[in-house]
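Asks: Following the hints, complete the assembly by docking chain B onto the known chain A.
Number of protein chains: 2
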Amino acid sequence: MADELGEFERIARFLAPLAGPGGLGLADDAALVDCKAGCRLVVTADAIVAGVHYLPEDPPELIARKLLRVNLSDLAAMGARPLHYLLTTALPAELGVEWFGRFAQGLEEDQRGFGIELLGGDSVRTSGPAVLSLTAIGEVAAGMEIRRSGARAGDLVWVSGTIGDALLGLQVLRGAYRDLAAERSDYLIRRFQLPDPRVELGQLLSGVARAMIDVSDGLLADLCHICATSNVAAVIELDKLPLSSAAGEVIGREPELRPHLAAAGDDYELLFTAPVEAAEAVAALSARLRLPIARIGRIEPGAGVRLVDADGRTIQIDHTGYRHF
Amino acid sequence: MADELGEFERIARFLAPLAGPGGLGLADDAALVDCKAGCRLVVTADAIVAGVHYLPEDPPELIARKLLRVNLSDLAAMGARPLHYLLTTALPAELGVEWFGRFAQGLEEDQRGFGIELLGGDSVRTSGPAVLSLTAIGEVAAGMEIRRSGARAGDLVWVSGTIGDALLGLQVLRGAYRDLAAERSDYLIRRFQLPDPRVELGQLLSGVARAMIDVSDGLLADLCHICATSNVAAVIELDKLPLSSAAGEVIGREPELRPHLAAAGDDYELLFTAPVEAAEAVAALSARLRLPIARIGRIEPGAGVRLVDADGRTIQIDHTGYRHF
Chain A
1 MADELGEFER IARFLAPLAG PGGLGLADDA ALVDCKAGCR LVVTADAIVA GVHYLPEDPP
61 ELIARKLLRV NLSDLAAMGA RPLHYLLTTA LPAELGVEWF GRFAQGLEED QRGFGIELLG
121 GDSVRTSGPA VLSLTAIGEV AAGMEIRRSG ARAGDLVWVS GTIGDALLGL QVLRGAYRDL
181 AAERSDYLIR RFQLPDPRVE LGQLLSGVAR AMIDVSDGLL ADLCHICATS NVAAVIELDK
241 LPLSSAAGEV IGREPELRPH LAAAGDDYEL LFTAPVEAAE AVAALSARLR LPIARIGRIE
301 PGAGVRLVDA DGRTIQIDHT GYRHF
Chain B
326 MADELGEFER IARFLAPLAG PGGLGLADDA ALVDCKAGCR LVVTADAIVA GVHYLPEDPP
386 ELIARKLLRV NLSDLAAMGA RPLHYLLTTA LPAELGVEWF GRFAQGLEED QRGFGIELLG
446 GDSVRTSGPA VLSLTAIGEV AAGMEIRRSG ARAGDLVWVS GTIGDALLGL QVLRGAYRDL
506 AAERSDYLIR RFQLPDPRVE LGQLLSGVAR AMIDVSDGLL ADLCHICATS NVAAVIELDK
566 LPLSSAAGEV IGREPELRPH LAAAGDDYEL LFTAPVEAAE AVAALSARLR LPIARIGRIE
626 PGAGVRLVDA DGRTIQIDHT GYRHF
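From first to last, the protein sequence lines stand for chains A and B.
At position 242 of the first sequence (counting the first as 1) the number is 242 in our numbering, and the numbers step up by one without a gap.
At position 102 of the second sequence (counting the first as 1) the number is 427 in our numbering, and the numbers step up by one without a gap.
In isolation and in its complexed conformation, chain A is listed as follows:
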C-alpha cells in the first residue's frame, strides 16, 4: 500500500506536470492521440537497464535524457517528427524521491527541447536493478517514411556527425586515455551519456534518403541491417569515417583502433543511402543544419558489408557489433 500511495504521489508530483492535453493529466486509463489527415503515426520502444546500458551512479537527469533521446533517434531514422512518449519505470526501493525528481527534471528539459509531451505509463517496484522502458510516438506524412529496405545498388552511403565518440567516451569513463585534455575527455563522455538524436535531419531526409537507420548497434552492424532488408551489399571506406577532433587525437596515437570505431555503437547518428543525384541535396542539408554529413561508401549488388582501406583492400575486424559493459 505504501508503494501504491508512493506511486500516486510520485506521478502527481513529478510526472503529471510533464503530461500534455492528450495525457489527460495522467488521470485516465489510457491517453488519446490525434493523427492529422494524411499522416501516419510512428511508434518505437526501447528499454535500458542499470548496470547494462548505464551505470547506476550516472546522474539521473542524464539517464532520463539518454533514454528519451535513444527513442527519438529511432523516430528520426524513419523521418518522423516526435510528438509524445509513454514511460514505464521499474525501480528498486533505494532510488528515492531525490533520484526520481532529478530523473523527471531530465525528462522535462528534453521535452521542452524536442517539443514533446508525456502521455502516460506505469511505475512499479523491482528487487533488481532499475529497468526503464520508453515508447515514443511520432508522425510522418503518409508514404514519406524512410525504411531500412529502400537501398539500391549505386546509392552512396552517408553518415551524419562523427562516429566512435560514444565508445571512446565509455572508455574514458572506465579510466582510459587519462592524458587527453579535459575538454576532449568531457566531449567524449558527453557523446556517450547524452547523444544528439538527429531529429531535424531525419525529417528533412524524407524524399532524399532511400534507406536509413540510426547508429546504435554499431555502424557496420547497422549497415548490415539495411543491406539485409534491402538485399544489397555495401562497401565502406575506413578513411572516410568522420571523426571528431577528440577521436582523431586518440586514433593518432593508436591507429589500430580506427576499424573498431566503425563497429562502435551508441553514437545515434543517422546512417543512410541516397542516389548519386541526391549528393547536392545532402550537402545543402548539411550546410543548412550546420551538421557534417560524410559520404563513407557505396551500395553494390550482393550481400554483406565490407570495410576497405584507401587502396580498396578489405579490413578484417573481430566483431561487427557493440559490446555493452
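These are computed hints drawn from the structure, not numbers from a lab.
Just to be clear, a hint being listed does not mean it is correct.
Claimed, not checked - Okay, the calculated beta carbon distance ranges per label pair:
(1) D179/A / A418/B: 36 to 42 Å
(2) G113/A / G629/B: 40 to 46 Å
(3) E109/A / S611/B: 46 to 52 Å
Said to hold, decoys possible - Partial selection, computed: residues in chain B whose CB lies under 10 Å from chain A:
(4) A355
(5) C360
(6) H550
It should be emphasised that the depicted structure is a prediction, and the values quoted were computed from it without experimental measurement.
Cβ coordinates follow ideal geometry from the N, Cα and C atoms, glycine included.
Replies: Okay, now just chain B, sitting in the frame of chain A:
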C-alpha cells in the same frame, strides 16, 4: 555480443511471426500506425515484475497473456478497440529459449483471440527479476472515448462480471481454502492468472456510460479515481457486490471477508457510471453479451466513496487499495 545475437535470433524466431504489416516484420527502427479518419488512437502502458505482479514459476504463457490483457483492459475502460502492441522485456539470463518460446506462444494465442498484432519493442538483459512492459494501442471514434471524469450526481454505478475472485484466487495459490472443490479453486486461480478484459463491453458502452475505469487497484480505490476526477461522491451497497459462486462459498463461511472483496483489485472488470435512464440500455448489453452487469450504488454530490450495508450504515474497512504479494 552473444546477448545481442541472442536478441536478434529470439526476435526472428519468436516475435517476428507475431508482427503485423505495420510492424514491418520488426525489421525497422519504428513501426507505422494508420489512424482512420474520424478516429483517435488510445495508448496505454503497464509493466509487471516477477515476484511482485506474478510468481517467477507461473507458466510463461499465462504471464504473457495476463500482461496483454491488463493493457487491453485499460483500452476497454476508454471504450477503445484494441489494434496493436509493443513489448519490451528485461529478462534474467536463466530464462532461456524454452521459457521465451512459451511466453511468445501465450502472446500468439491472445493476439488471435483479441485480433491484435505486435508492432515492435525491445529485449534486454537484467541481473534482477524479469520486468515486462507492454504498450497497447487502440482506436476510438473521436469524441466517443469514455473518461474517468464524466460522472454526475444521480448516476447509477455499475460493474461487470464478479468482484473479488482474483484476490481469492491469489489466496488459493498461497494455500488458503484448501477444502474448496477443485473446480472452484481452479476457477478462482484462473480469474487471478488470466483476467478477461471486457473489450467488447467497453466499446458498446460508448454513448451509454458517463465515466469508466477498470477494476485493477481495487473496486473502491478505482471508484475513488472516478469520484476525484469527476468531483462527485459515491455510495456502494456491499450486498449488491456481484460474487461468483466460488467467492459466494468462501464468503458464506467467512462473512467478515466480504468488505475486503470490495477493496480487492486485479479483477479487470469494468466499473462505470451511467444516468438512470440508461439502465435499460445497460440491461440490454448485459443480455447481448451474456455478461452480468450489476448496479452496485449511486453517485452523489460531494467527495469520496462510502461503502454501506443493507440498512445504509457505513462500513469501515482497513484499506481501500490492493496489496501486491
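Asks: Any hints from earlier that this structure breaks? Give me their numbers in increasing order, please.
Replies: The structure conflicts with no hint, since it agrees with every one listed earlier.
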